[in-house]
Amino acid sequence: MEKAIIAKNVTKKYKLYKNTKERLLDLITPKSYGEDFYALADVNFEAEKGDIIGFIGINGSGKSTLSNIIAGIVPETAGTVKVNGQASLIAVSSGLKGDLSGRDNIELKCLMLGFSRDEIKELEPKIIEFAELERFIDQPVKSYSSGMKSRLGFAISVTVDPDILIIDEALSVGDKAFAEKSLNKMKEFKEKGKTMIFVSHSLGQMKEFCEKILWLEYGMVKDFGSVDQVLPKYEEYLREQKKLSKKERDEYREAILKKQLQLVQGIN
Amino acid sequence: MKSALTVLKEQINHFYLIRRLSVYELISKNKSNYLGMAWEVINPAIQILIYWFVFGNIRENSAVEVSKEMEPVPFITWLVAGFVLWIFFYQSTIQGSKSIYSRLRMLSKMNFPMSIIPNYVIFSQLYIHFFLLFFIIIIFHFSGFYINIYYLQLIYFLFATLCLVFAISLITSTLSTIIRDIHMFLNSTLRMLLYLSPILWQIESIVDNPFIDKLLMLNPLYYLIEGYRSALYGIDWYFIVHWEYTLYFWALVVVLFLFGAALHVKFRRHFIDYL
Numbered sequence: 001m002e003k004a005i006i007a008k009n010v011t012k013k014y015k016l017y018k019n020t021k022e023r024l025l026d027l028i029t030p031k032s033y034g035e036d037f038y039a040l041a042d043v044n045f046e047a048e049k050g051d052i053i054g055f056i057g058i059n060g061s062g063k064s065t066l067s068n069i070i071a072g073i074v075p076e077t078a079g080t081v082k083v084n085g086q087a088s089l090i091a092v093s094s095g096l097k098g099d100l101s102g103r104d105n106i107e108l109k110c111l112m113l114g115f116s117r118d119e120i121k122e123l124e125p126k127i128i129e130f131a132e133l134e135r136f137i138d139q140p141v142k143s144y145s146s147g148m149k150s151r152l153g154f155a156i157s158v159t160v161d162p163d164i165l166i167i168d169e170a171l172s173v174g175d176k177a178f179a180e181k182s183l184n185k186m187k188e189f190k191e192k193g194k195t196m197i198f199v200s201h202s203l204g205q206m207k208e209f210c211e212k213i214l215w216l217e218y219g220m221v222k223d224f225g226s227v228d229q230v231l232p233k234y235e236e237y238l239r240e241q242k243k244l245s246k247k248e249r250d251e252y253r254e255a256i257l258k259k260q261l262q263l264v265q266g267i268n
Numbered sequence: 001m002k003s004a005l006t007v008l009k010e011q012i013n014h015f016y017l018i019r020r021l022s023v024y025e026l027i028s029k030n031k032s033n034y035l036g037m038a039w040e041v042i043n044p045a046i047q048i049l050i051y052w053f054v055f056g057n058i059r060e061n062s063a064v065e066v067s068k069e070m071e072p073v074p075f076i077t078w079l080v081a082g083f084v085l086w087i088f089f090y091q092s093t094i095q096g097s098k099s100i101y102s103r104l105r106m107l108s109k110m111n112f113p114m115s116i117i118p119n120y121v122i123f124s125q126l127y128i129h130f131f132l133l134f135f136i137i138i139i140f141h142f143s144g145f146y147i148n149i150y151y152l153q154l155i156y157f158l159f160a161t162l163c164l165v166f167a168i169s170l171i172t173s174t175l176s177t178i179i180r181d182i183h184m185f186l187n188s189t190l191r192m193l194l195y196l197s198p199i200l201w202q203i204e205s206i207v208d209n210p211f212i213d214k215l216l217m218l219n220p221l222y223y224l225i226e227g228y229r230s231a232l233y234g235i236d237w238y239f240i241v242h243w244e245y246t247l248y249f250w251a252l253v254v255v256l257f258l259f260g261a262a263l264h265v266k267f268r269r270h271f272i273d274y275l
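If you're matching them up, the sequences are chains L and S in order.
Once you know that position 152 of the first sequence is 152 in UniProt numbering, the rest is easy, because the numbers rise by one and skip nothing.
Once you know that position 31 of the second sequence is 31 in UniProt numbering, the rest is easy, because the numbers rise by one and skip nothing.
Treat the hints with care, since some could be wrong.
What the hints assert, rightly or not - Each computed DSBU-like pair below joins lysine-lysine, with the alpha-carbon atoms no more than 35 Å apart:
| id | chain 1 | residue 1 | chain 2 | residue 2 |
| --- | --- | --- | --- | --- |
| 1 | S | LYS266 | L | LYS126 |
| 2 | L | LYS181 | L | LYS82 |
| 3 | S | LYS9 | L | LYS49 |
| 4 | L | LYS242 | L | LYS18 |
Quick caveat, the hints were computed from the structure, so don't treat them as lab data.
Okay, chain L solo, but in the shape it has when bound:
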């Protein structure tokens, strides 16, 4: 099988500064200031073409960072990501221009994705139809509700037909009818053999839709495997975490962070 995504030793380091002075000193002097924070530490995974992978993990585990790196938006600090084909990310804040109307935004976005004028003319009615914006399509986007915005963003992204689709919690704002429609569209993609990545907290949707699950914990891969293998473990983990007292939870976190540090030092 052909690989769609190969991520090797992907690490993403952010710097936490206490104040702007530290930030400036770090920028202009060779010495390092500020505290290191690893959003991702030594993440390895591979996706075959046609895989549908769900990213799960508690808040701050690095799901969004990883999907941003795969989409090519955020650069990785170390390691390599190889993506075969065009990746397209759909997020709730999907970069629309507030002053322009929905129609102008469609044209603008398609233009930036490299479509010609004729292709855009062809795509435009399809996008408008899918987004179900009706009278609002000629209104400025800033007057849209968040559901409408994400519908428009989603409609653009799926209609331009990318090779790899990354969906970052984008379906959680739409209403049920639209979520269903989107899921149907994604099933269509699934039949076409496209690779998809799905970031969500809704385990129900994951179960229904994904084939594989990548479980992230504090920026590290905790588990990677089929849905039936990983999801029960994750549910068990969530239940156990809930039972722990605050102190126990802190201890657990300490231990994990220590492990993370070792991992990072290992590859450096």
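Assemble the complex: chain L is given as a structure, and chain S must be docked to it using the hints.
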């Protein structure tokens, strides 16, 4: 050197995109005003009126001598000829400087050649410049300065301005994405530059010191503005007559561009980390 070629290639390959995006840029900027695009003309017109009133009165509305062979020209024509170029330079440099960090959030969601961002912002100002220039040519006609062969050098000086602004914007857009203060610094520097360029007052007429005069000529705007005036008044082929100055100008542009391109290419992958 290599990064300069990369940047140049991106400009040429995506020229269609630059043109289209610059139109959207202009539309989205003026969409929320009732007068819309008209503000792009009203704004400089108001500025010109106040400068005409103040600086015209200071010099008691006397005429300006632009060339030894010519009769002195009315101050208002002299002012608008310089000001039309200044407002283009000022607006596009300011917009160019903040072009990347203000659009990054939207643009980074797709694989998009970053180096065309400052360029399409500059281009959107160019339409306004054409419009204003057209007005000014009409003013010149009514003042008795007709279209002449020297108008051809307007094309050359406009191109030179574009090159200069793009080179500067490559540097400032990168730096101000990393350190936002650079944009503030640029803002105040430009305000100063208005008074250090021959736009509102004739430098030779007030400062009677050849050394300071030469020093002020280091400002590349001096070259461009004098070139514009040469064309509009039909004095001479400015860039040939002052060929040493032409050499200096282009050397400066090339150095700025090489530096800007190197800086831009080095940092562009990491722009998003600085937001």
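Right, here's what the structure says about each hint:
Restraint check for LYS266 (chain S) and LYS126 (chain L): not satisfied, since their Cα atoms lie roughly 40 Å apart, outside the 35 Å limit. Restraint check for LYS181 (chain L) and LYS82 (chain L): the C-alpha separation of about 31 Å stays at or below 35 Å, so the hint holds. Simply put, LYS9 (chain S) and LYS49 (chain L) have alpha-carbon atoms about 33 Å apart, close enough for the 35 Å limit, and the pair holds. Pair hint LYS242 (chain L) plus LYS18 (chain L) holds up; C-alpha atoms about 32 Å apart against a cutoff of 35 Å.
The earlier numbered hint that this structure contradicts is number 1, and it is the only one.
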